[in-house]
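Novice: Each chain, written out:
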Amino acid sequence: MHGLIRELFPICRSITGDGVRQTLARLAQEIPLVQHEVPSGTSVFDWTVPREWNVRDAYVKHPRGERVIDFRRHNLHLVNYSVPVRRTMTLTELRPHLHSLPDQPDLIPYRTSYYKEAWGFCLPHRQLEQLPDTEYEVLIDSTLAEGHLTYGECLLEGDTPQEVLISCHTCHPSLANDNLSGLAVATFLAKHLATVPHRYSYRVVFVPGTIGAITWLSRNEERVRHIRHGLVLTCIGDRASFTYKRSRRGDATIDHAVEHVLQHEDPGRRVVPFSPYGYDERQYCSPGFNLPVGCLMRSHHGHFPEYHTSADNPDFVTPEALAVAFSTLLSVFDVLEHDGRYVNLQPKCEPQLGRRGLYASTGGSSPSDLAMAMLWVLNLSDGQAGLLDIAHRSGMPFATVREAAERLERHHLLAAAP
Amino acid sequence: MHGLIRELFPICRSITGDGVRQTLARLAQEIPLVQHEVPSGTSVFDWTVPREWNVRDAYVKHPRGERVIDFRRHNLHLVNYSVPVRRTMTLTELRPHLHSLPDQPDLIPYRTSYYKEAWGFCLPHRQLEQLPDTEYEVLIDSTLAEGHLTYGECLLEGDTPQEVLISCHTCHPSLANDNLSGLAVATFLAKHLATVPHRYSYRVVFVPGTIGAITWLSRNEERVRHIRHGLVLTCIGDRASFTYKRSRRGDATIDHAVEHVLQHEDPGRRVVPFSPYGYDERQYCSPGFNLPVGCLMRSHHGHFPEYHTSADNPDFVTPEALAVAFSTLLSVFDVLEHDGRYVNLQPKCEPQLGRRGLYASTGGSSPSDLAMAMLWVLNLSDGQAGLLDIAHRSGMPFATVREAAERLERHHLLAAAP
Amino acid sequence: MHGLIRELFPICRSITGDGVRQTLARLAQEIPLVQHEVPSGTSVFDWTVPREWNVRDAYVKHPRGERVIDFRRHNLHLVNYSVPVRRTMTLTELRPHLHSLPDQPDLIPYRTSYYKEAWGFCLPHRQLEQLPDTEYEVLIDSTLAEGHLTYGECLLEGDTPQEVLISCHTCHPSLANDNLSGLAVATFLAKHLATVPHRYSYRVVFVPGTIGAITWLSRNEERVRHIRHGLVLTCIGDRASFTYKRSRRGDATIDHAVEHVLQHEDPGRRVVPFSPYGYDERQYCSPGFNLPVGCLMRSHHGHFPEYHTSADNPDFVTPEALAVAFSTLLSVFDVLEHDGRYVNLQPKCEPQLGRRGLYASTGGSSPSDLAMAMLWVLNLSDGQAGLLDIAHRSGMPFATVREAAERLERHHLLAAAP
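Residue numbers (full-length UniProt numbering), protein chains in the order written: chain A, 1 to 418; chain B, 1 to 418; chain C, 1 to 418.
Simulated from the structure, these hints should not be mistaken for lab results. Take these hints with a grain of salt, some might be off.
[To be verified] Dumping the calculated EDC-like pairs for lysine to aspartate or glutamate here, alpha-carbon to alpha-carbon at most 20 Å: (1) A:Lys-348 to C:Glu-221; (2) C:Lys-348 to C:Glu-409; (3) B:Lys-348 to A:Asp-46; (4) A:Lys-191 to A:Asp-334; (5) B:Lys-348 to A:Glu-222; (6) B:Lys-348 to A:Glu-221; (7) C:Lys-348 to B:Glu-30.
Keep in mind it's a predicted model, so treat the numbers as computed, not measured.
With these hints in hand, go ahead and build the complete structure from the sequences.
Specialist: Here it is, written out as structure tokens:
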């Protein structure tokens with residue numbers, strides 16, 4: 001995953017354009033990915049698919065010929081979606097088009113202007129302050145033209161048409177945690193799921209932020225009723241503990257599942273309530289859809305100093321953090337796949353586990369975790385509580401509760417609720 | 001307000017009598033006040049309007065002619081509702097009629113005996129201990145006779161017959177915080193409301209404690225169904241943070257509104273649950289009425305050392321505290337007036353705020369408070385949640401949420417829920 | 001109660017056998033106890049009543065003739081339900097049959113093997129380590145034969161057939177807190193209840209753990225619908241504060257009643273949620289019954305070092321702790337007996353308590369506890385809230401609330417809800 005991030009990092013992505021296509025083509029080497037192209041001008045709810053943006057070169061050149069700001073060195077130097085420019089300007093004329101971070105004077109900020117025609121350059125504040133007051137040659141060799149919005153979709157069909165939606169945004173240029181980490185983890189999850197049986201169908205969408213999710217929802221309005229659970233994956237590769245942002249509903253199964261897994265796997269986890277600012281959960285959780293979609297992050301967007309700067313580079317994410325995110329999400333999927341309601345077939349008093357070899361024969365000391373889990377499953381399986389509820393109430397990991405249920409089912413003490 | 005308190009302080013009020021009339025007459029110079037007179041002997045639920053009490057003079061005189069206790073110096077010296085007395089008594093005979101506070105030896109306590117014929121004097125404990133053992137001339141030149149219970153009522157009609165009830169008790173003699181502060185703030189609120197448009201009708205009642213509220217409820221049994229929200233105002237002028245005592249229901253809109261405003265305006269606030277002891281919320285919240293009436297105080301009655309003593313004088317309340325109470329209550333009224341449920345007219349995904357000039361066009365940094373409030377209002381306006389609910393869930397001040405809703409409504413993105 | 005514990009301590013109890021009969025015969029000297037005998041082989045839900053176990057003697061003897069482990073010195077030395085053995089064995093052969101506690105090297109552990117034929121001895125670890133490597137004569141002169149399971153039942157009929165169930169386990173041999181303390185307190189409660197009138201019928205069952213409760217439930221399947229409240233009593237005689245384990249429902253009246261009483265009587269109390277491990281609440285709260293049965297303990301089983309060892313001896317329990325447990329349970333019964341819903345007959349405003357002599361006539365200071373309780377009862381008695389609810393909301397002890405209700409009822413201000 002970390003290698004994939006390093007590979008994709010230099011590509012200049014945006015909400016449209018060849019950078020996105022190039023990125024998706026790379027992912028398609030790993031997983032069965034369908035690439036969708038939606039023409040500029042297409043109406044998607046209250047929005048319109050914008051013109052496609054591509055950029056060949058961009059710089060600010062000193063009269064002596066030196067590129068003082070050079071898009072080829074870092075694509076964050078160019079305000080994303082800048083219109084074409086070819087002018088000579090004084091520093092005073094240029095100044096309003098330059099963006100920097102006075103509080104982080106060594107970093108290049110990330111700025112966009114998708115829906116208003118504008119242009120600009122981003123640079124370290126320290127460099128900005130030292131620009132000589134002279135005439136500069138400014139070039140932005142970009143095109144903003146009728147074209148397409150591109151997104152990728154990977155469907156891994158399961159036993160049922162009910163879906164788990166995984167969504168990550170593809171529009172950020174050279175930013176590693178936000179959101180190459182999401183792309184990488186989602187890709188490797190899909191790659192893994194393609195090799196194992198699963199009850200749910202998993203749909204992984206790689207969409208440009210906001211406009212991409214809106215476009216996908218607009219084109220899949222009927223399909224969303226199949227979505228049972230969903231997650232937006234973003235900023236998932238840095239060294240911080242996990243942050244889970246709940247769905248708008250706040251008590252969806254995905255919320256309980258993620259919180260359960262994190263409770264057992266990440267002592268430093270934070271769970272935050274839904275808010276309508278953030279990533280594409282904004283769209284999935286808009287009131288007209290209100291899908292059960294949460295957002296899994298490590299550092300919370302906007303709350304880490306590297307956020308939306310050139311410091312969010314491949315060194316900021318680690319192979320270990322990506323691997324743990326991957327396995328944590330598999331644990332979440334395990335909960336979703338295997339949660340279910342059962343009925344105790346011997347509901348009056350405890351059944352005699354001992355004679356079935358399910359309970360230690362020597363009395364007087366405490367039962368094993370698995371024996372405890374069997375007692376919990378038997379006690380609470382009245383057809384109402386599911387295994388995740390039982391895991392929650394018992395404080396035991398879902399995997400243990402699930403194993404207990406499987407043992408009890410094999411011994412005809414438990415059956416799936418009708 | 002503080003000037004009004006100084007002016008009203010010397011008047012000897014009680015649950016009936018000319019002191020109340022004189023007080024209401026002064027308030028009537030500020031606001032349109034109707035003065036009601038209810039004859040002694042009138043049945044009001046389980047109670048009977050008592051005889052009217054008036055007092056001209058009262059003292060305990062030393063044989064040398066000096067008034068050692070003199071009602072004219074402080075009307076707390078006389079137990080309120082004392083029957084007439086004219087006797088010469090030894091200190092031993094007089095002693096059972098003398099009340100003091102051993103723990104606060106310099107203060108005169110406040111004592112009443114409304115419903116049992118009795119008489120007495122209150123004085124500083126230090127003075128009591130030094131009374132010479134001699135014969136005293138005791139005079140209470142009071143009358144307890146058929147007359148009336150007097151209360152004031154100020155109705156400020158709004159666009160609807162639905163009412164906000166403000167109630168404060170008029171019966172306390174020279175006590176400034178309890179409750180000249182309530183009278184003053186309520187009067188100036190009414191004065192202000194008379195000059196501005198409002199949706200609700202506001203009814204401000206100035207009633208003697210307990211018997212007055214019971215009398216008012218008894219004479220307005222049908223009218224109370226119009227009361228949507230209500231507050232008892234008392235002890236609201238001292239330097240302490242606010243204390244809000246919830247209505248009996250505990251989750252009435254008035255409870256949410258006051259708690260919301262205090263959350264944003266008073267970091268030191270305390271919210272306490274309803275209890276059936278206190279002020280006239282006892283009557284408004286009796287189970288046969290169960291009105292949504294809370295009680296706003298600063299210091300909680302009985303929990304500040306000046307309570308019911310001569311230390312509760314005009315210096316104990318401050319113009320600043322009164323002014324803040326006034327503006328805090330206007331904030332509460334603003335919530336009540338403008339709370340409402342809306343529907344997002346573009347509920348599927350976010351509408352494009354940017355092209356309407358409602359959202360910054362340069363992306364990459366955080367939205368403004370107002371933009372956040374718009375996102376919240378759009379996300380939660382499904383016809384169920386009201387603006388106060390949205391303010392609560394978002395953690396934003398109601399005023400910001402309200403402004404966001406107004407902007408969205410002007411842009412046809414929001415409409416009042418049917 | 002402590003004398004009874006000392007008397008019963010030496011008896012070797014088990015889930016069947018003469019030790020139980022002897023114990024119940026002693027209890028029958030105190031209370032009207034019916035002794036039930038259920039034949040071995042009887043099916044009780046998923047279980048079968050086992051063969052009856054009795055033991056005359058058991059030892060491990062050194063070749064020199066000395067009994068190095070002697071059942072007659074402490075009956076914990078023998079693994080409960082050991083099959084008969086008469087062999088000469090080397091220490092190596094014997095070793096797998098010896099149980100000790102390396103972490104508590106001076107104590108004899110308590111071990112059982114009810115449902116798997118086995119035998120063994122328990123001894124202090126220090127002694128085990130010093131056993132000479134020689135040949136031992138091992139004798140267990142026990143019988144495991146068709147017989148009966150014995151349990152005791154004491155029914156104290158009340159005004160209604162609705163029952164309060166008290167259950168304690170009789171199967172533990174020489175262990176004082178677990179559960180001679182339960183037997184003793186239950187016996188003396190029954191003895192007391194036999195002398196006073198009560199609304200509920202009280203059924204006290206003395207059953208061997210697990211199999212006994214299952215047997216009782218199996219033979220009383222129809223009767224359990226009469227059970228309104230229930231408690232398992234165990235480990236109730238040591239010096240620790242109370243631990244209350246809630247019923248599976250978690251919000252049964254018994255849960256509220258016990259928690260209320262402990263809140264006022266034991267500042268160190270702990271309340272723990274239901275779990276399906278523990279004592280016979282496991283059976284009463286199995287999903288097919290789901291009875292409102294909690295478990296009252298002092299130290300929580302398994303959480304005190306003396307648990308299931310020879311240190312749980314009569315010195316570990318105290319007369320004081322038993323007496324407090326007794327009186328605490330009487331307080332709980334008082335709540336159950338007298339909880340009820342009332343209606344305020346003067347629901348509009350407060351009734352005038354003063355003229356009925358129920359309220360102090362001098363105003364200005366705080367009301368008494370009883371007056372406060374009357375205000376609470378009047379305010380909340382709308383036919384929905386019961387006295388226990390009122391005690392909870394007011395924070396006042398049930399006894400005060402109950403007294404207030406009785407006074408108000410005598411003054412025709414309150415009546416039982418229809």
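Novice: Would you mind marking each hint as holding or not holding in the structure?
Specialist: We went through each hint and held it up to the structure:
1. A:Lys-348 to C:Glu-221: The hint holds at about 9 Å.
2. C:Lys-348 to C:Glu-409: 17 Å, holds
3. B:Lys-348 to A:Asp-46: Distance of about 9 Å is within 20 Å: holds.
4. A:Lys-191 to A:Asp-334: 16 Å, holds
5. B:Lys-348 to A:Glu-222: Since the Cα atoms of B:Lys-348 and A:Glu-222 sit roughly 13 Å apart, the hinted pair holds (cutoff 20 Å).
6. B:Lys-348 to A:Glu-221: 9 Å, holds
7. C:Lys-348 to B:Glu-30: Judged against 20 Å, a Cα distance of about 33 Å means the pair is violated.
Violated hint: 7 only; the structure is consistent with all others.
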